[in-house]
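There are 2 protein chains.
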Amino acid sequence: MQSRNKYGAVSGMETHKGIPEDLKQEVLKIIKPSEAERIKLMDIQAELASEVKAAADRLGIPDILVEIVGSAARGTWLSGIHDIDIFISFPEETPRKELETLGMAIARETAKLAEYAEDRHAEHPYLNIVFRGFDVDLVPCFRVASASCIKSAVDRTPFHNDFVKARIKGHEDEVLLLKQFMYGCGVYGSELKTQGFSGYLTELLIIHYSSFENTVRAACSWKPGEKIDIVQHSEIGHKEPLVVVDPTDPRRNVAAVLSLDKFCTFIDCCREFLKNPELRFFFPACLLPLEGSEILERLESRKSAQLAVVFKTPDVVEDVLYPQLYKMEQAVAALLKDYEFSVIKTGVWSGKDETVIMLELISGTLPNVKKHIGPPVWVKEHAQKFKEKYEGAEDVFEGYIENGKYVFEIRRKYPMAKGLLENQLVNCSLGKQVHQSVNEGFEVIENAEICKLTDFDFRVFLRKCI
Amino acid sequence: MQSRNKYGAVSGMETHKGIPEDLKQEVLKIIKPSEAERIKLMDIQAELASEVKAAADRLGIPDILVEIVGSAARGTWLSGIHDIDIFISFPEETPRKELETLGMAIARETAKLAEYAEDRHAEHPYLNIVFRGFDVDLVPCFRVASASCIKSAVDRTPFHNDFVKARIKGHEDEVLLLKQFMYGCGVYGSELKTQGFSGYLTELLIIHYSSFENTVRAACSWKPGEKIDIVQHSEIGHKEPLVVVDPTDPRRNVAAVLSLDKFCTFIDCCREFLKNPELRFFFPACLLPLEGSEILERLESRKSAQLAVVFKTPDVVEDVLYPQLYKMEQAVAALLKDYEFSVIKTGVWSGKDETVIMLELISGTLPNVKKHIGPPVWVKEHAQKFKEKYEGAEDVFEGYIENGKYVFEIRRKYPMAKGLLENQLVNCSLGKQVHQSVNEGFEVIENAEICKLTDFDFRVFLRKCI
Numbered sequence: 002m003q004s005r006n007k008y009g010a011v012s013g014m015e016t017h018k019g020i021p022e023d024l025k026q027e028v029l030k031i032i033k034p035s036e037a038e039r040i041k042l043m044d045i046q047a048e049l050a051s052e053v054k055a056a057a058d059r060l061g062i063p064d065i066l067v068e069i070v071g072s073a074a075r076g077t078w079l080s081g082i083h084d085i086d087i088f089i090s091f092p093e094e095t096p097r098k099e100l101e102t103l104g105m106a107i108a109r110e111t112a113k114l115a116e117y118a119e120d121r122h123a124e125h126p127y128l129n130i131v132f133r134g135f136d137v138d139l140v141p142c143f144r145v146a147s148a149s150c151i152k153s154a155v156d157r158t159p160f161h162n163d164f165v166k167a168r169i170k171g172h173e174d175e176v177l178l179l180k181q182f183m184y185g186c187g188v189y190g191s192e193l194k195t196q197g198f199s200g201y202l203t204e205l206l207i208i209h210y211s212s213f214e215n216t217v218r219a220a221c222s223w224k225p226g227e228k229i230d231i232v233q234h235s236e237i238g239h240k241e242p243l244v245v246v247d248p249t250d251p252r253r254n255v256a257a258v259l260s261l262d263k264f265c266t267f268i269d270c271c272r273e274f275l276k277n278p279e280l281r282f283f284f285p286a287c288l289l290p291l292e293g294s295e296i297l298e299r300l301e302s303r304k305s306a307q308l309a310v311v312f313k314t315p316d317v318v319e320d321v322l323y324p325q326l327y328k329m330e331q332a333v334a335a336l337l338k339d340y341e342f343s344v345i346k347t348g349v350w351s352g353k354d355e356t357v358i359m360l361e362l363i364s365g366t367l368p369n370v371k372k373h374i375g376p377p378v379w380v381k382e383h384a385q386k387f388k389e390k391y392e393g394a395e396d397v398f399e400g401y402i403e404n405g406k407y408v409f410e411i412r413r414k415y416p417m418a419k420g421l422l423e424n425q426l427v428n429c430s431l432g433k434q435v436h437q438s439v440n441e442g443f444e445v446i447e448n449a450e451i452c453k454l455t456d457f458d459f460r461v462f463l464r465k466c467i
Numbered sequence: 002m003q004s005r006n007k008y009g010a011v012s013g014m015e016t017h018k019g020i021p022e023d024l025k026q027e028v029l030k031i032i033k034p035s036e037a038e039r040i041k042l043m044d045i046q047a048e049l050a051s052e053v054k055a056a057a058d059r060l061g062i063p064d065i066l067v068e069i070v071g072s073a074a075r076g077t078w079l080s081g082i083h084d085i086d087i088f089i090s091f092p093e094e095t096p097r098k099e100l101e102t103l104g105m106a107i108a109r110e111t112a113k114l115a116e117y118a119e120d121r122h123a124e125h126p127y128l129n130i131v132f133r134g135f136d137v138d139l140v141p142c143f144r145v146a147s148a149s150c151i152k153s154a155v156d157r158t159p160f161h162n163d164f165v166k167a168r169i170k171g172h173e174d175e176v177l178l179l180k181q182f183m184y185g186c187g188v189y190g191s192e193l194k195t196q197g198f199s200g201y202l203t204e205l206l207i208i209h210y211s212s213f214e215n216t217v218r219a220a221c222s223w224k225p226g227e228k229i230d231i232v233q234h235s236e237i238g239h240k241e242p243l244v245v246v247d248p249t250d251p252r253r254n255v256a257a258v259l260s261l262d263k264f265c266t267f268i269d270c271c272r273e274f275l276k277n278p279e280l281r282f283f284f285p286a287c288l289l290p291l292e293g294s295e296i297l298e299r300l301e302s303r304k305s306a307q308l309a310v311v312f313k314t315p316d317v318v319e320d321v322l323y324p325q326l327y328k329m330e331q332a333v334a335a336l337l338k339d340y341e342f343s344v345i346k347t348g349v350w351s352g353k354d355e356t357v358i359m360l361e362l363i364s365g366t367l368p369n370v371k372k373h374i375g376p377p378v379w380v381k382e383h384a385q386k387f388k389e390k391y392e393g394a395e396d397v398f399e400g401y402i403e404n405g406k407y408v409f410e411i412r413r414k415y416p417m418a419k420g421l422l423e424n425q426l427v428n429c430s431l432g433k434q435v436h437q438s439v440n441e442g443f444e445v446i447e448n449a450e451i452c453k454l455t456d457f458d459f460r461v462f463l464r465k466c467i
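Protein sequence lines, in the order shown, are assigned to chains A and B. Each residue of the first sequence is one higher than the one before, starting from 2 at the first, in this note's numbering. Each residue of the second sequence is one higher than the one before, starting from 2 at the first, in this note's numbering.
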């Protein structure tokens, strides 16, 4: 069961069989890099490392170390995912500005050999290149004494790398199985779009529980507040549903980005998987896009109101975009509730060109009459002011006393959800880029009109959403 | 402003002028019995009292006293309201059965002179007769030492009579003004239909505040819990909005029947009246019945859903009927809310033949889909049971995890309020006679169909209700 996904037809008894060895092998056959793939990746990594070193030498930049990090360095990458992370570390006392300038200079010098290069920016600038078909990040960082005294978030990575490398040997397959299982469950990935499990987190779970099966079994009984502290050095409390204390930094929760619903989705999938350990958990069937006729059938069957707020996708990276979209989703739902519309559910979809906030309501219209409850009659001053304001005013239907309070039936300003959104959406608290885009224009479409959104990926999303 | 009535167009400044003497005289000219009316009523009362005494003598029943009580005995009756109360009191030690038998025998003997007689029943039986066009109650009661040791509720009346008679002399006009004002505000009458102020209560208010104007001024600042204890002998606490301790019984609240909304309506009217002391407060314009076309106009303007539950009026007295109807009004509103319909307001009307519960809803229909929120995923046993129950079940649209909880979208059993009422009304907690009547049959009509209810009085009620 994925968050907001249709359940599979899974059900059955509570008796947990073990996970069949055959099944694991079948999965590994698909996801585990071949020896040829492994050798090629190792060779490329080694070549890149020496090219970086050579570039630094050519530029006369001393005291740097080149570190190969990430899953490619640890033997825990999924076949076909060719991401290489090369860290260029500078002495801790290097001024930040100098680290950025010199680090990027080395990266650019290296990139002369690449098919493609693109500046990117996290806390520091770094360079993303395509090198012989591999996706490579060249990341300058500080070489600090320990992960607890990092100067920039990326400085942690080499410590993570060291911790995992020293402990994962012989358990790489278990990591691969867990990653692919999480991927199949829709909970793999620590980007702010997914809010799931990071690669490092899966490795720590395997180090802690020692196997994929043990992890899955343990997760069945996880509760929010579940805490894993491998080296027993936690220093502070955390509020996140899952707390996996970073073995290289006692204050950090490696699972900080994991949302409650992804946490619960994982628990749910683990339970279902143990009941019926089948290949489909690792490789779920692709959803097909919803046809126009299917959209109409579903609308007719549900008889609710479906609204879609459509606007141009802001040109920012997903880690900036999605938090703003999720915030917008909340803000729009809150706006509708404020005006007495009942929200059944909401959803966010963002494509290359267009972004859509989907809103399902009990009804898209409300009566003209709105009950406005005032103060109790005996709270004299307030009550009299309230009464004077509404009595005989335009657009007041009626006034009466109910449960000791003045009540006026006033004309509802927005009897249509569509009209409310068209008028008030721009006044919602929105993130910067989303606000800009919405300000430039948006459209609210309703029910059958949704058929005019024909993007393939949107229609796939719609299958889960309506 | 009356409970559930349209506001008048009254508004204005806070400055309270006095109540013009002219206005009071104008009102009294209409409501105060003429000298001729007074003499006639006194004569009739005296004649009745001696007839009752003679009847007792004829029947050989000793030791009874005849007491003339009620507003007719105290000079506080409104012109044209010809109600006479004659109490036939027996010694305290008379067995209850004997009091009833002998008391009714005397009453029946007296009734031989009447145009009409009808047995009625409060705590005891009593006889209601029409005597020379006057409505007379002949009520047997016990002659107890004080009102605090009564054997039946009616035994209090002679004590009330004595208390008021001894103090009201010279203030009768003030009582008349207050009664008529309350009548105009819709708060006069202590029957369970009205839940307003009793005649005795108005007299006590005048005794306490000494005039109509003082009472009205004081009421402007009343709050729930307002307590008036004329003889300062209150013994217990009360929860009712207004507490007027019975001067003849320290435990009794004379205003116990006054509802919060009638209490507040009176406060509201007093404030408005002092701002604009006008005749219309005593004699509000009669409401006209709503025409069919007006019903349609109002429905179109409000755009809400109006439902009417129509059934045969049970053949019981109003003091039995109305509490059951108000209970039904609450029960039906609760039923609708339980099934997620939003109730705007409700109303009760009961005529000779038909009774109607009016219900205004945000909408009379809801979507087929209903969101059913289950336990958190981590409450393992409950969560799994919930999921097994709904997953893949018939009439389930979709299941997902939201805010850590399993959610299933199930098919709503009653997407129409009308269908819900037709199916479930008989399962509501209803009073005995109302339940019987509803069980024999009822109809739920909606919106424009309401036009087929053409009773004049219902259409007047409808003017206040939709």
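Be a bit skeptical, because a hint or two may be false.
Intra- or inter-copy, both count: the list cannot distinguish identical chains.
[As the list claims (entries may be wrong)] Quick list of in silico lysine-lysine cross-link-like pairs, DSS-like style, CA-CA up to 25 Å:
(1) Lys276 x Lys406
(2) Lys224 x Lys390
(3) Lys414 x Lys98
(4) Lys152 x Lys386
(5) Lys240 x Lys381
(6) Lys328 x Lys304
(7) Lys381 x Lys276
(8) Lys346 x Lys414
(9) Lys194 x Lys170
(10) Lys346 x Lys54
(11) Lys304 x Lys419
(12) Lys224 x Lys386
(13) Lys406 x Lys338
(14) Lys338 x Lys465
(15) Lys433 x Lys152
(16) Lys338 x Lys304
(17) Lys386 x Lys276
(18) Lys328 x Lys54
(19) Lys390 x Lys304
(20) Lys276 x Lys98
(21) Lys406 x Lys465
(22) Lys465 x Lys240
(23) Lys113 x Lys194
(24) Lys194 x Lys406
It should be emphasised that the hints constitute simulated quantities derived from the structure, not laboratory data.
Which holds for Lys224 with Lys390 at a C-alpha limit of 25 Å: within a copy, between copies, both or neither? between (52 Å within a copy, 22 Å between copies)
Can you tell me if Lys194 and Lys406 fall within 25 Å by alpha carbon in one copy, between copies, both or neither? between (47 Å within a copy, 21 Å between copies)
Evaluate Lys113 and Lys194 at a C-alpha cut-off of 25 Å and name the case that applies: within, between, both or neither. neither (33 Å within a copy, 93 Å between copies)
Up to 25 Å between alpha-carbons, please classify Lys406 paired with Lys338: within, between, both or neither. For Lys406 and Lys338, both the intra-copy (23 Å) and inter-copy (21 Å) Cα distances are at most 25 Å.
At most 25 Å between C-alpha atoms: does Lys276 with Lys406 qualify within a copy, between copies, both, or neither? between (57 Å within a copy, 20 Å between copies)
Using 25 Å as the alpha carbon limit, work out where Lys338 and Lys465 are close: within a copy, between copies, both or neither. Answer is within; shortest intra-copy Cα gap is 23 Å, inter-copy 30 Å.
My question is about Lys390 and Lys304: at a cut-off of 25 Å on alpha-carbon distance, are they close within one copy, between copies, both, or neither? between (39 Å within a copy, 24 Å between copies)
25 Å Cα threshold - placement of Lys386 relative to Lys152: This pair counts as neither: shortest intra-copy Cα distance 59 Å, inter-copy 49 Å.
25 Å Cα cut-off: does Lys224 pair with Lys386 within a copy, between copies, both or neither? between (51 Å within a copy, 17 Å between copies)
When Cα atoms must be at most 25 Å apart, do Lys381 and Lys276 count as within-copy, between-copy, both, or neither? Close across copies (14 Å), not inside one copy (65 Å); limit 25 Å.
Status of Lys54 relative to Lys328 across identical chains (alpha carbons, at most 25 Å): neither (44 Å within a copy, 87 Å between copies)
Cα distance capped at 25 Å. Does Lys465 pair with Lys240 within a copy, between copies, both, or neither? Result: close neither inside a copy nor across copies, 30 Å intra and 54 Å inter.
Hint check: violations occur at hints 3, 4, 6, 9, 10, 15, 18, 20, 22 and 23; the rest are consistent with the structure.
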